[in-house]
Structure formats: structure tokens, C-alpha cells
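Q: Each chain is listed here by its residues.
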Amino acid sequence: MRLLSLSLFLLFYFLLSSCDASSQHTNNWAVLVCSSRYWFNYRHMANALGMYRTVKRLGIPDSNIILMLADDAACNSRNKFAGSVYANPGRHLDLYGENIEVDYRGYEVTVENFLRLLTGRLSSSVPRSKRLLTDSSSNIFIYLTGHGGNEFLKFQDNEEVSAHDIADAFHQMYEGGRYNEIFFMVDTCQANSMYSKFYSPGILATGSSVVGENSYSHENDYDIGVAVIDSYTHYVLEYMEKVNKTSRLTMADLFTSYDVPKIGSHPGVRSDLFERPLGPGNPNHPMSEYGRGRGWTVEGGGEWMGREIEAGKNGRVLREALITDFFGGVVDVDVNNEDDAELRLFEDPECISTPKAPLSPLTDTYSSPPSSRSSSSLLNMLDTYPFLRPFLAFILLGALFVLVFSGMTSGRS
Amino acid sequence: MMDAESRFRDPSSLFFQFDTIRRYIIASYWVLITLALPLWWTTTSIERLPLPTSEVYAQAQKRLEIPLAICVDSAFSSQITSLQRSIRDAASYLDVQAHLGQDCSQFPGYAVLPGERILVEDRKLYYPPSADNLASTLASLLAPKMDHRAAQYSPRFRLSFTLLNEDSSAGQAIARHIHPITSALGILHNYTIESQVQYHALLAFEPRSLSNGTVFGLTPEDLTIFINSAEWTLSSSSSNDPVFHFVLFIPSARRRPLIILNSDGTPSSSNLPDLQSSFSSFSRHLLTLLGFPRLPPSISYSSSSNTSLSSWQIDTLLRQRIHENVIQSHDTLQSTVTLVSQIDGMPVDEQVQSQVQGSLSALHELFRYASVNLTFAEMLAYSAQALTLSSKAFFHPGMLAMLYFPAEHKYAVYTPLFASAMIPLLAAALREIAAWRKERREARAVGDVREATSGDGPKVDTKSVL
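Protein chains in written order, with full-length UniProt numbering: chain U, 1 to 413; chain Z, 1 to 466.
Among the clues, some could well be false.
What the hints assert, rightly or not - Looking from chain U toward chain Z, a few residues come up when the C-beta cut is under 7 Å (computed): (1) G120; (2) S123; (3) H164; (4) Q172; (5) Y216; (6) D272; (7) V333; (8) M381; (9) Y385; (10) R389; (11) P390; (12) F401; (13) T409.
Think of the hints as simulated: they come from the structure by calculation, not from any bench.
These figures come from a predicted structure and were not determined experimentally.
We put the CB at the ideal spot given by N, CA and C, even for glycine.
Chain U extracted, bound-state conformation (with noise of 0.2 Å):
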């Protein structure tokens, strides 16, 4: 039987490098991590898979995505419907259905497994699929959701990642060339001091709260007995159903939908470590009017770094962030005129390759002092000379003991 055959010339980017153009990414990457396990915390594994969802959806395919759950809700004997694993009350979606791939599993969730994963710092035997395997043109899109507070974040219940350990392992990557930029996701309680440490350039973070701020849960389903889904995480996804792969919306569009009254909690952006401008450069920049719907708070606006350097990305030739700039998946297909005689020399004029800028050595990496925010002077001290506080509360706790002993002893003869 005579048959016919099709080839096609379709390259996909996945280990291949492009030049190092600013804002031109050759592939996405995901990783979608739930840090916290035990029943009552279902909400994160669904925060989890419904991110998972979305991002498939949107065309990022299975074997650039790292989903890390560190429990298993589906197959949880207090699961109801079991293998199922639902956002809403109504359970019209399940999240956890045949196609799913969980790359990091149960106790495979920890802080030196997450860090590894990042860094590229595994050892010979992990498996591809366990691999974060980007390049300098890679976009990658970092979700966390869990428990956490100021700076932390807590895995499993018995460890925690600090702000600056995720800001150092950024900063690893950025000098591995593991990166060209990243959209980081953060849903816990205190969200935003997630991302206030980072100095790597390429990175645009959200929060889902601010610092002293818990997140909330959406929604309870009586019949599972636990909630099912977190606030902002809910209402992200929702905004994300009305994006499709070919769409044209911005992160400004997506960060201008956020609605305090409705999620519970401020989120925050960061963007000065971003140099693509967040939306169009019209006159009317659609982020002029963030944080400055109801519910935020008046002076200011809603926390917003990189506010004031926002203006001035608009006059540079790049392009603006769309949201399928992270969440889509890249293919680029070359059809090609089959015909030996046909050669060309494949000149491509505007893929000048040109080296990483060079180093500038960065004095402080994370322990420099914040800016100080209070208006008392002992507090001012405190935050500009960062040893007087370990040495206080040496002090203090020694004095304390001293006192106690001498008690004791004076009480003795």
C-alpha cells in the first residue's frame, strides 16, 4: 500500500540556545510547588493542580513542568471521592484526573531537594523528569503556595526556606545562564516578604499578602470536610480561564484584576528587578490604576516595587510582559521547501549574539539592612547597625540567666 508520509520540521527549543536578545525566550518552564501536607492543608494541594491545570492548558508541556506535592490528596483515606482532588465546592472540575505527572512526591518535598532543584545542583542518578533542564533563553514560572510568614516559607512541617535562600539560589541561576526570566508566584500568609529579597536581575514577583497579613481560604465543601481552594490562588485561576494561547493580555491586565474585598488580603508585585514594562506604554498605562481601586489602602496604593522605574521602561524598545510569555508553551515551526538545490546560507540578521553582560560584584547579598520603615531611634539603631540586635538579645538572655544563678547562690551561703 502506497503510503504517505509527512515530515515536518519542527524544532522544539527545550535544550537549545538561542542568542541572548533580552525578552527572547525560546521555551517555558514551570514549577508548582505545594509545601505542606496532612489533610486539614487540601487547599494547597489544589492551589497546586489548579496552577498544574492552567499551565497545560495553556500549552506548557509535561516535561517542562516540576510538580512537587508533598502529600497526596487523591489517594488520602479520608478522601471522600477518592482519586479526585477538587477546587470548588461544586465539584464540576477534577483536578487530579488520568494525565498528571508528579514529578517530586511526598517526603521528596524538602527544602534541600527544592534548592537542588533550582541551582541544577543534583547528583548524576536523579532522573530527567526530576530536572529543572532550562537555559539562558528559558522563561520559567515559580508557583509556591503552603504555609508561611515573614520571609519563610514552611515545608512539611518541619522545615522552613528563607527569603534569602531563594533570593541566593535566583542568584545561582542567574550566574549559570539557568534563566532568562522569572515569574515568581507566592500564596501563603505574608506573601510579599517572599520576594523582598531577591537581587538578581530578570525576576517579576507576586504576593498574595503583605507583610503582618494572613491569606485566606475561598471556599469550604462540606462534603470533603476541608476548604478546597485559596483565595487569591482562586481568583488568579479564574482570571487565567479567560486567557487562551494566543492571547494578547499583559501581566498588567492580570495584576490590575486583583480585588482586595474579594481575595481578603493585599497582594503586591515587585518589578524593579523586571526591565520589560509590565503593560502597553499608551498614556493610559493600565497599571497607573493599580492599587488604587476599593479596598486598598489609600496612601500609596497597593504595595508596588518598582513603582516609580515603571514610567521610564516605557520609552525602551522592549516589548511588554504577556502573560503567555510564561504560561504558554513555545514552539516554533519551520516548514521547509524540501529541495536540494535550494541551499541558503541561514542568516538570521537580528540573532546577534552577544556576551552576558559583565559581573558586577554585589557587595551585600543578604545581609544588608532594610530600609527603616519605623520612626523610633532605638528601632533606627537597630536597623542600621544589623549586629547590635543578635548582640542585645545576648545580652539580655545572659543578664537573665546571671541574674537567676546569682539568686540561687546568693540564697545558698
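For chain U, the structure is supplied; the task is to place chain Z on it using the hints.
A: Using the frame of chain U, we list chain Z on its own:
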């Protein structure tokens, strides 16, 4: 009055307590703590072996110059300076040494000879003296721009051929088409070839049907989602080498012919008739992915061998890869030493140190002998070794920085443990010292009194005074 011979000891004296023994006991605690301090220090410090930082920075400043000797026939004597300049502009890593010669056809390196047509044969370029584009032709032969689709250099590649549907003649096609390429480029990379056949490989979408359902077409949007990576298992995860996938899809009988459409809906001209030509297109794709430079369009190739790869192109690819590897190694080594100096909690063990030093020494060898007649294969070997070692050092699993804890947390954890042990020892030692000094003072005072009032009164037992 106490009777020294009494069998009963005087209860007013602390006869069960010996000062010296107590002092020895307290001193022994302190001696033990002092001896244990170095052990505690060594067991709680991380290993940070020194890295040759200044050497790395010095090495990173150097630029590799690969010598290139060209013998230009005297017919082109007027163009020799423009030749050198244009090649130099195209690639700064080439150290071009062009000289005029009478009998260039015997020259072992590159030769430019007059000829009727523009022709490339082995390492000779035949060029008509009347044509005037010699400089740009040579520049595009020796230093073309690298295709942006080319993969990054790796010493080993896996080529994975997947036939989606059943066919038994795939094996011979591999031998006929792919092996010539892999053998010609074998000095560059090691290749592992694997092939698989998959049945029932479904598309994730419906192709559009044209002309009453007799012809089916794939639009450009369909092409972006053609690879159904959820259902088709294309990759084997057993090794860490980069993989090139070559996929041949045979549509089901109900959907033939299946053709590719242009964006306006008309059939594109790139559709294939049969299996044999698919492998020749695979070989072309492989060449592009490996970064193989194409011959400039004006040149026709006269093949003295039966492969279509000329020595010019292979040499050019080798030089480009060597240059890239050197730059990449410099970058990686610099990043490594910068990170180690910036992040204090990052351990550096012996393997990392030896890998960095090994990479540096490979680079030193390469730079020292590059101008002194190294073959391209040897240069590539050195550069590949430098790249691999520097990459291994940077991504060594042992270089995981210690986690950050604020200083207050550390004090809050350690103070209840250490303070509650140390404070009693400290208090006891201070008390003993105070008691000892008081004793000495009183002994001296009693001695003075005794001297002053010698000979009168009964002796006073100094111990019972206390």
C-alpha cells in the same frame, strides 16, 4: 575544748568537704571544655578549599586565536589585504595568515586557486580571477554566522528516531542517510542513536478537510500543537545527554493525503512523497541542529568523496565550536569563583577544586599550543574538556549553600542549651576563686597576728574560726 585524740570528729567542722578535691573537680570540667573547643569548631565549620580565583580572572581575559594559513595564488595578489580584513571582521578569533604562493595546489592548508567556476574541493577554493567577491565568499566560508537553531555544544548527543505507525524498512534508511553524517562529524560528538516505532499515535486535534473530504490539511496553528507530547512518549529518560527527536508521522488511512497548508490555506510545497526522501530531509535537519554551516549560494561543490560535507565546512564548524567552548568555559569558571566568594555559606570540596584546576589547565594547554600546530581535533578535545570540567564544577552537588537563619534565631536556640550549662560552672569557679583568695588573706592575717603576739595564750585553731 577539742580533744585531738577523740574518736569522734568535730561536727562543727566540715570534715566531709575537702577544698582541694572540689577545686580539682571544677578545674577538670573547665579543662575538658577547653580541650573540646577545637573539636566543636572543626565539626561545625564547612569545608571551603581555596579556588584559584586570580588565575581564573586572568584566564578569562585571554582571547583564543586559532591560526589559519591560506595560500593565495598570485592571480589574486591585489585582494590579499582585503581578504585578511574581511575574515578578521567576520571572526575575531581567527588569526589569518594569508601569503602569496606560486604553487598553492600543493599547500596542505587552505588554498585559493584560479578556476573557471566557483568551486570548492577538499581544502581548495577555485575562483575566477575576474569575479570580485573573493573576500566576502572566503569570509562566509570560513566564518559564517551560526544558525540560531543550532544546539549548544555537548560532547555526546542522542538521536532519537520515532516512527509513528508501522513500517519495517526504517533501519536501512538510518544506515544509508544518517551514518555518513555521524561518521563525518564523529570528531565533534559521540552519537547514540535509538529508534522506536509507535502504533496508535493519535493526534490531539482534527485536521481540516479540503475539497470534499478527500484531502486533509494542517494549518500553521495546528502545527504548533502537532506534537502530542502528552500521549506520545518520545523521550527516554535514561541519560542526561541532549536529545534530538526526529519524528515521522504516518497519518491513518482515513485521513490521507495529509498535507501542510500555508497560512492562507493553500497547500505548501513542502510535502513529501515517500519514506526515502524523509530520511534525506532528516539528515538535512540534523546538520542544521548540529550547527553545520551551509555553503554560500554562489559556490557549487565538487565532491571527490561521496558525502556532501566538504572539509571547509567541517573545519569551520570545528573552529566555531572551539571558540564557543572557550568562551563558555571562561564564563562558567568566572561564575563559579564569583559565587563562592559572594556566598559565604557555600562549601568547596576537593572535587570542585580539582575540577576547576583541571579546567584551567586544559585551557592553559589549549592557549599555549594553539599557535603551535595543534590539529583541530586536539584543540576541540581540550576545549571540550575545559567546558565539561567547568560545568561539572559549577553544578557539583556538594556546592549547596548553608541555609540562612537570622542571628537572633541562632542565639535563641543556643542560649538555653549552653547558658544553662555554662552559668553554673562559671558561678562555681568564681565562687571557688573568691573563697581561695579569702583564705589566703586570712591565713596571712593570722600569721601576722601570731608573730605579733608570739608566746602568749593558747594556740587558736584557725580552722575552727571559720
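Q: State for each hint whether it applies.
A: Do the hints match the structure? See the list:
Annotation: interface hint on G120 (chain U) holds; nearest CB of chain Z at approximately 5 Å, less than 7 Å. For S123 (chain U), the interface hint holds, the least distance from its beta-carbon to any beta-carbon of chain Z being 5 Å, beneath 7 Å. Satisfaction of the interface hint for H164 (chain U) is found here, the shortest Cβ-Cβ separation to chain Z being roughly 4 Å, below the 7 Å cut-off. Contact between Q172 (chain U) and chain Z, as hinted, is supported at the beta carbon level, the nearest pair being about 6 Å apart and thus within 7 Å.
Nearest Cβ of chain Z to the Cβ of Y216 (chain U): about 27 Å, over the 7 Å cut. The hint is violated. Interface hint status for D272 (chain U): violated, as the beta-carbon distance to the closest one in chain Z is roughly 20 Å, over 7 Å. Interface hint status for V333 (chain U): upheld, as the beta-carbon distance to the closest one in chain Z is roughly 5 Å, under 7 Å. At a threshold of 7 Å, the smallest CB-CB gap from M381 (chain U) to chain Z is about 16 Å, leaving the interface hint violated.
A hinted interface residue such as Y385 (chain U) counts as satisfied when its beta carbon comes closer than 7 Å to some beta carbon of chain Z; here the least separation is about 12 Å, so the hint is violated. Checking R389 (chain U) against chain Z: minimum C-beta separation of about 6 Å stays under 7 Å; hint holds. The interface hint given for P390 (chain U) holds, since its Cβ lies 4 Å from the closest Cβ of chain Z, which is under the 7 Å cut-off. Proximity of F401 (chain U) to chain Z holds as hinted, the smallest CB-CB distance being about 5 Å (cut-off 7 Å).
The closest approach between the C-beta of T409 (chain U) and any C-beta of chain Z is roughly 5 Å, which is under the 7 Å cut-off, so the hint is satisfied.
When the structure is compared with the earlier hints, violations turn up for hints 5, 6, 8, 9 and for no others.
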